[in-house]
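Undergrad: Here the sequence shown stands for residues 358 to 671, numbered as in our numbering.
Bear in mind the hints are in silico, worked out from the structure with no lab data behind them.
Among these hints, one or two may not hold up.
To be verified - In silico DMTMM-like pairs for lysine to aspartate or glutamate, Cα to Cα no more than 20 Å straight-line:
#1 512 x 474
#2 512 x 491
#3 512 x 488
#4 512 x 484
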Amino acid sequence: MTFAPLRTLGLAGALALGGCVGDDVSTTSDSEGSTGTTGATETATEGTDSTTSSGSESGSGTATEGTTEGTTEGTTGTTEGTTEGTTETTGTTDGTTGGELCDAGEGVSFTFQLMPENQNMIDFEVDWMCEVVEVTAAGESGVNLEMACTDGDEKVAPNPVLFVDAQPVTELVAFTPGLQLRMIYGEVYPWWTERWVRLETLGNGDLMLAGVYGSSLNVSDQNQVFAPYTTAYVDGVCAPEEGGCGTEERLRLTFTRGGDAPVYELLDDTFDIIDGDPGVSTWIDSATAYVGQPDCTDTPQRWFSYGMVFDGQE
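Based on the provided sequences and hints, a complete structural model is requested.
TA: See below:
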């Protein structure tokens, strides 16, 4: 079967490539959602907050598409069978400067794509029950995760393949043949392409893999992609620098599990293994924003490209 849309999430289709989508660094604007705050480094959980975000394209090599500045708006939800998690973005007012000149990044990248690729450019999200068939190498740093999936009572054909390419490399060692998973995957096209993925174990909903590539921390308006983790961004960390489309700033992302759990902080272009031993491998490919409005048209205000994989690393 083809990847027919399960629901319409936003604008259908996309126009020609445009603007400066694709820059590596950017800075923050006003904080968003119903909190209405403009503090320097606030973090909060969403729940009922509505988040409107946009960001500059990651330098991971995945092409984006678009011609006008777009927004992705979503209300958070809870993935069935998944521990509830929330996502919130925070920021400072336009024109903010501050922070220190940060060290150069680590050359981190994290990209993903469900194959066969959607060709009709219509917003969609799928929610499939799957079983791992095999994991095979794809190029120097990529892997193909083939799964046999069902959409309700209907078998998905051909078998979907999730391509993942990461630096540092992941081999998805925990994804053994026969492992039963729930996969949520979607794409929207607000004048460029945004996508998200979540793989969790069937039954108890344990997070196995999650990724976002878009203008907000949680692009999906129905599912908490990174649950049980709450993600937020902090600006004012790195001194803004001039880029091709304006003044840009690198952001720091935080991950928490609520309560008295520790806060894990990762700067743009950083990799770390968080939350235990073995823990969860976490890649911040891009977490950037513009100070004020970007000089280029058709350019998101913020951009986030990041992923998490439970792959048994210590």
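Undergrad: The structure should be examined with respect to each hint, and the outcome stated for every one.
TA: Here is what the structure says about each hint:
As the CA atoms of residue 512 and residue 474 are separated by approximately 18 Å, the hinted pair is consistent with the 20 Å bound. Of the pairs offered as hints, the one joining residue 512 and residue 491 holds, with about 18 Å between alpha carbons and a cut-off of 20 Å not exceeded. Between residue 512 and residue 488, the direct Cα distance comes to roughly 12 Å. Compliance with the 20 Å bound is thereby established for this hinted pair. With a CA separation close to 13 Å, the supplied pair residue 512 and residue 484 stays within the 20 Å bound.
When each numbered hint is compared with the structure, no violation occurs for any of them.
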